[in-house]
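Trainee: Listed below, chain by chain, are the residues.
2 protein chains.
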Amino acid sequence: MSRKAHTLVAIFVAIFNNMAVSQETNADLASFVSPFIGTKNMGHTFPGATVPFGMIQLSPETGNQPMYINGQYNKKVYSYCSGYQYNDSTIFGFSHTHFSGTGHSDLGDFLIMPTTGRLMLEPGEASNPGSGYFSRFSHDQETATPGYYQVKLSTYGINAELTATERVGFHQYTFSKSDSAHILLDLMANIYNYDDKNVWTFVRVENDTLITGYRQTSGWARTRTLYFAMVFSKPVKSYGHKKYDQSPYKGFWRKFNESENFPEMAGRNIRAYFNFMTEDDEKIKIKFALSAVSTEGALKNLQAEIPGWDFDQIKGLVREKWNHQLRKIEVKTHTLEQKESFYTALYHTMLSPVVFEDVDGNYRGLDNNVHPSDGFTNYTIFSLWDTYRALHPLFNLIEPSRNADMINSMLAHYDQSVHHMLPVWSHYANENWCMIGYHAVSVLADAAAKGNTSFDLQHALEAAKNTSQVAYFDGIGDYMIFGFVPEDKSASSVSKTLEYAYDDWCIAQLASFSGDSLTASIYLKRSANYNHVFNHKSRFMQPRLSDGSWKSPFDPLQTHDQGFIEGNAWNYGLYVPQQVDSLVSMMGGKAAFSAHLDSLFTMHLDDSYFEQTEDITRDGIIGNYVHGNEPGHHIVYLYNWTNEPWKTQSRVRMIMETMYGAAPDGLCGNDDAGQMSAWYIFSALGFYPVCPGSPEYALGSPMVEEAIVHLENGKDMHIIVRNQSLKNIYVKKVLLNGIELKAPTINHFDLIKGGELEFLMTSKPVLK
Amino acid sequence: MSRKAHTLVAIFVAIFNNMAVSQETNADLASFVSPFIGTKNMGHTFPGATVPFGMIQLSPETGNQPMYINGQYNKKVYSYCSGYQYNDSTIFGFSHTHFSGTGHSDLGDFLIMPTTGRLMLEPGEASNPGSGYFSRFSHDQETATPGYYQVKLSTYGINAELTATERVGFHQYTFSKSDSAHILLDLMANIYNYDDKNVWTFVRVENDTLITGYRQTSGWARTRTLYFAMVFSKPVKSYGHKKYDQSPYKGFWRKFNESENFPEMAGRNIRAYFNFMTEDDEKIKIKFALSAVSTEGALKNLQAEIPGWDFDQIKGLVREKWNHQLRKIEVKTHTLEQKESFYTALYHTMLSPVVFEDVDGNYRGLDNNVHPSDGFTNYTIFSLWDTYRALHPLFNLIEPSRNADMINSMLAHYDQSVHHMLPVWSHYANENWCMIGYHAVSVLADAAAKGNTSFDLQHALEAAKNTSQVAYFDGIGDYMIFGFVPEDKSASSVSKTLEYAYDDWCIAQLASFSGDSLTASIYLKRSANYNHVFNHKSRFMQPRLSDGSWKSPFDPLQTHDQGFIEGNAWNYGLYVPQQVDSLVSMMGGKAAFSAHLDSLFTMHLDDSYFEQTEDITRDGIIGNYVHGNEPGHHIVYLYNWTNEPWKTQSRVRMIMETMYGAAPDGLCGNDDAGQMSAWYIFSALGFYPVCPGSPEYALGSPMVEEAIVHLENGKDMHIIVRNQSLKNIYVKKVLLNGIELKAPTINHFDLIKGGELEFLMTSKPVLK
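Chains as they are written, first to last, in our numbering: chain S, 168 to 935; chain G, 168 to 935.
All the pointers check out, no bait thrown in.
A pair holds if it fits inside one copy or across any two, identical chains being indistinguishable in the list.
Listed below are the simulated PhoX-like cross-link pairs for lysine-lysine, each with C-alpha atoms no more than 25 Å apart in a straight line:
id, residue 1, residue 2
1, K656, K422
2, K422, K632
3, K417, K656
4, K422, K243
5, K452, K404
6, K757, K931
7, K450, K401
By construction, these hints were calculated from the structure, which means they are not laboratory data. Please read these numbers as outputs of a predicted model, since none were measured by experiment.
All chains, full assembly: derive it from the sequences and hints.
Mentor: Have a look at this one:
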């Protein structure tokens, strides 16, 4: 734990009395959230202000790294996927959109930076003081709580405070007396920035307090336009902008001095500034609304969400929103750190997908047209290769209505897709095609399997089927021909085959729920395709070529060129969640499978296997088990399919203890849009959805002492853990409403009836 | 007259029986229109297919000139303002938007080119056969009539036919048998093209016949996006595109082979192609709809305007639309060539402004938001420095409702303008700021003065006042301070001062009509500001400096740096239409003024005075009178304010005879969005609006033998010219309903009562 985390703990101890969980609590659970967790190293979380599932993530930028230097990829940029690195001591400003925990990036829209003194429009370099507008800062003068961020910008003596509603960022800057105070609006700032990322910028100074405009970028989202409306609490004294474009054509705009006090700015690359005079301790506030539809939409959002100027009131309302969300699961833990880890994880599961429509229900679709979200709320940021595993299952447990909205958003995406595909990895009305598979089908199947069917099942099935038949998508054509993806046709072929097979199983489930038994049988057959990449000789999933032969040489520890992505045959090869029993027997039966798992967790992996992958650090690894990458997330629960479920119990507790911590470096890898945190929430409660699309959870070993999950159906699920301690990590027995469970699984429908789930813990493995 | 024009005449003679004008006529007046007129030299008209005031101008591109070569302006580009030059023998394709007659350019959207054989995606150079996809063509195999264009693309043996409705272009290509027929969609083609003009392109192949997408450009219109929906009559066999972008970032799109049969294309610079197999004489048809709102809007437009596939039916309907429009003025002329000149001029007055809204009434506003056009039809392309002079006055005569729609469009522009200004020169939801003054106020005043008040007068007055007070606009701030624009502060200061003074007079008129006498008196005072640039010593309008002194040296024949634009002190200095009497007396009285005019028309101007101006040719000049530029358009009528109105009569006939002709080179300068043609229409009818904003017309010498103007109020104005001939160019007397007019003026309200205006002609000047 870092020094900073210790400070946090000291603060929290004062308000943390290890109080019993109560259904009637008004506990300020937000006080157990530290948005700094994951901001050091590769967690890729952000400390800024946001509401649950809000479109605005108003957060500081400490990274000013270009994506390319002299045409070469700049590796440093990866650290700044969410804009902030805890080890930094400079801030370049505050922008309004950030991913939480992703392993690739974009966004960072509309960077605001308050300064005083000589006007500097370029950000400069952190390593070169005075080279630009950036400010120094210190963590001692920085606060981050749910929905609120504060930092003293020491270079300018400005105290910056941020809060946000769903679509509006609220800035409050306390200046010293100055006749040259500036608010910069750097429209060239981007996360994952490079020279031609900005496509177009358009800004209007509507009057001396209202600015509107938009920016179009081409990055991870290839065709993205974001509109804004920005209001100052005080009239602008003067303003201007600098354009960095080199076009030979100026049109008749050359007739004007556009750079100063000219109310219309347009171009690819623009930085604007607004000048003020300030008194000592004078606060200049900014309300900054976003819309993907229009500036008109942004203005509507602004007026609807923050009509007034009371910063503290909004800050308070936002904290209450967070408490309302966090109270969905109330826990008692053994240590304060565990509680902080838990609620910060819960917080991190609520940062995406985000609401993606204006207050009037209009949103921009994948087809670039504007649509009304009739009958649902539209969401975006679907990091589905990550989040289908535990995040959407978590939503099915604690937020089924919201998850149904997300599914309806995916179906709208499908309707608007020229490929007739559900989202793969989508954000801001764009498909970015990141990672493999089409795991939206898992989200559909999981919801259907858990009775969360506030969407059109037939439509969902049609969407799932069409998605699975787009021949030009990532090896699918060959998969349909060969029954596996041949490595010579499409790389990462084993990962793809395994995931397509699982996705096929999900489609089969959807078909069953829809009463379409023919489709169900077709896809059930496809779902066994994992067999085609299993080499019975080596007992590994291995890449195959289109002539049917196994690719050689073969190294089961290697990721690259060996048929896998973010994993290898040893770990990723265990991905048959839909038929674990079958996998176990293919691999030689329970004992052999257990031994494989043991080896996985204990083997020594040479450094050379890691250096190629930028988002794994040694911290996130146990042997050849990589918790920082998602393909392993179910693995620890696979001992349940052997005779040694106690190994699941010990490993899951070990992972919770060592891979999650209440400190800025508390995440061992990218939080991946909440998936890492959702894994933690489930595991901390004692169960995990090994196979989304099935209503069964695998039981593990809970971290909590007690928990109440307030369900949307009005019922409460009470988890009571007897004899819990850091040493009593083994489960002696589990009782559901007093009746002992015979197998290490529990059914979703049993859970959501409410009642008591009781774990009896012990310090010794319970052998079968 | 060219050989081609002779051919046309031969055709027309067959159907031209010098028939008497009749109110009941069903005459095919479209047969007297030759869209080729003005396509040779600097007329800048286009020969392609369009409906009256339609958004689509589907026309061939013979110019493939970049705007810059090695960073230097390429003068040749100017010849291709409308894409076509009659002397060319190659065609690069057919694009959907063109200005008619403008002296600067933009548009050229969505170029379609049919080819066969080896696929070539680059246009190549006309001078280098085989270097690209262009085709040779010959005027012998080319036809242009209102709403229809046909050409044989000899390189490919393809017969190309085009027609269009308001928002949809209709292509019909007749191929020979080919297994490699292509339809190219060159999204990099632009008029006034340069490397970074394309901002973004987005294309979706929705299915095997429907393509949608948009393109965003930054040119004369700085922030312009145009959407399309395109349907083929036959399924595409295969397709693809080439992207010419150099971005280092490819995103995860690198996973696909995007270039072939991949249904989504996006980037700055794209050329797409669609492959077909064709039989002999097989027709492939394309319907290509535009929208400035969305692809959804374009699709709506397509479905509403051309639901079927009958090319000839649409071609016929469009011709009937033209006939309906052209029949608003029926004329009998002495020669066929005069009739062709007249109806082609009338045709050219109906090519802009164009309808700029979707069939559902939604349009994109200047603020980039989408608005419904409640209560009016929205128009764009306002070349106001040109068109306020005679084109809008012509509309007030023959199309007052449409002119009111245009005014309401201008008021919407004002409402959406961040500058709180009426349009200066606007197109496609952009202000391009071309030329000087803010002559929208003249259009408002002229409509009000003529009782065409289907708009909110108070709103119009507010808009006019605010427009006239935007201090940062083109010298207005100094104009308000000094009472003139000082040349050391803002170039072309005399032109600006004269036009601002006239505009002030228009605002005074508007204020009077609105009953706001205070504003009227303020602006009436401002309207006398022309006095401040009149040097009583030299008797010239001269540039002044901000210290009050006259700029020296002064050359009254020079344009550049002498206070003028597109004119000099000799001709532009005569611009005081609101107080011609006062100008006459300032210049020494009627005789001196008349002598000045005589000199103007007879003096020899050294070549050096012309070479600087790209849009004037010697053909468009009589002495120092430049008919090809608008500041002179009223001058020929100024003899009416002297004792020698007969000189107006002879000069106006001379100009009609020498500056307009029924041949491709029939326009002596840019048609300027119909202004040159509107001058001709008025003059041909025998009167002209010297001072728009006043209901008085100055009488000239009619070209027609007889005319009936069918007015919107249901009445007919009958113009009868007795003793008309090419020699009888002088007016002996003019009778209105049998009563002789005493002065050489006629009032608009007298005209629109209907009845007879009778000119008695003679071969001798009628001296006073």
